[in-house]
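Asker: Numbering (our numbering), first residue to last: 359 to 610.
One thing to keep in mind: the hints can contain errors.
[To be verified] Estimated spans, in silico, between C-beta atoms of each pair:
#	residue 1	residue 2	range
1	Gln412	Glu448	23 to 31 Å
2	Ala527	Pro585	19 to 27 Å
3	Glu596	Arg380	36 to 44 Å
4	Pro585	Trp403	26 to 34 Å
No wet-lab data here; the hints were simulated from the structure.
Here the structure is a predicted model, which means the values were calculated and not measured.
We treat Cβ as the ideally placed atom computed from N, Cα and C, and that holds for glycine.
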Amino acid sequence: MGYRLVCLDAGFTLLSPRATLRDALTRVLDEHGHRVEEEDLHRAWEVANRWAWQNYHQPGNDTWGHDARIDQHWRDYHALMLVELGLADERFEMLDAILAAQYAADGWELYPDVMPMLTELRRQPGLQLAIASDWGSNLPAILEPLGVSALVDFVHVSALVGVGKADPAFFRLALERAGVPADEALMVGDSLRADVLGARRAGMDAVLLRRDPALPRADTGGDDPPPEGVPVIATLAELPPLVARGPSFSSR
Numbered sequence: 359m360g361y362r363l364v365c366l367d368a369g370f371t372l373l374s375p376r377a378t379l380r381d382a383l384t385r386v387l388d389e390h391g392h393r394v395e396e397e398d399l400h401r402a403w404e405v406a407n408r409w410a411w412q413n414y415h416q417p418g419n420d421t422w423g424h425d426a427r428i429d430q431h432w433r434d435y436h437a438l439m440l441v442e443l444g445l446a447d448e449r450f451e452m453l454d455a456i457l458a459a460q461y462a463a464d465g466w467e468l469y470p471d472v473m474p475m476l477t478e479l480r481r482q483p484g485l486q487l488a489i490a491s492d493w494g495s496n497l498p499a500i501l502e503p504l505g506v507s508a509l510v511d512f513v514h515v516s517a518l519v520g521v522g523k524a525d526p527a528f529f530r531l532a533l534e535r536a537g538v539p540a541d542e543a544l545m546v547g548d549s550l551r552a553d554v555l556g557a558r559r560a561g562m563d564a565v566l567l568r569r570d571p572a573l574p575r576a577d578t579g580g581d582d583p584p585p586e587g588v589p590v591i592a593t594l595a596e597l598p599p600l601v602a603r604g605p606s607f608s609s610r
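Please take these sequences and the hints and turn them into a complete structure.
Answerer: Right, here's the structure in full:
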């Protein structure tokens, strides 16, 4: 029996920001008359990222299950960077501008390997495709103009279902929606903790995408290897052959 459901993460699996968060921050600071040294920006970025991953890893973290909590997370994240840079933003003008750039529907683009991969998987009979992501309820509006929505069966968004990764409940809700048992489903994403380990706890197979293996993965606590039987791919072009092979590639 082959796979009947493939779930794909969104951010940094399918979607890449047209301008990085760092670029957006730098542009906003420039517009408000603040020139920041690269060394200071890097230091502030590291502090904010450390806070973000510590928050993400907190047991029972429910940030990604509600739009308001997601918004507050990003406000706290960027506000921390501004504090580290010694910049006062009492009226939140810079913060609002940074968030507006981040939330813009046209602020994201597809990696070049996404549409060919989806088109090839779409040819496999009996296979459902879903996008399963920790994201706000605006994700469908981002995906629609990029042409992705027409190639997937549904979009499974944490803010809309009330629970996020790596909670197994997030994955079980996707399985229920597809009407597919866990042992016939596959999760693909760039986070070892959220995508791979979360899906495995729900009984699904998983594939880890590492587009740049040289980069350390802060969300895993380092370059931890995935569990035995979890393939690591560098591009989504490698995914269709794995899906065609079915659950047999996993040693679980």
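Asker: If a hint holds in the structure, say so; if it does not, say that too.
Answerer: Do the hints match the structure? See the list:
For Gln412 paired with Glu448, a C-beta distance near 27 Å keeps the hint of 23 to 31 Å intact. Roughly 20 Å separates the CB atoms of Ala527 and Pro585, a value that falls within the hinted 19 to 27 Å. Checked against the given bound of 36 to 44 Å, the beta carbons of Glu596 and Arg380, roughly 29 Å apart, lie outside it. Range check, Pro585 to Trp403: about 30 Å between beta-carbon atoms, so the 26 to 34 Å window is met.
Checked against the numbered hints listed earlier, the structure breaks hint 3 alone; every other hint is satisfied.
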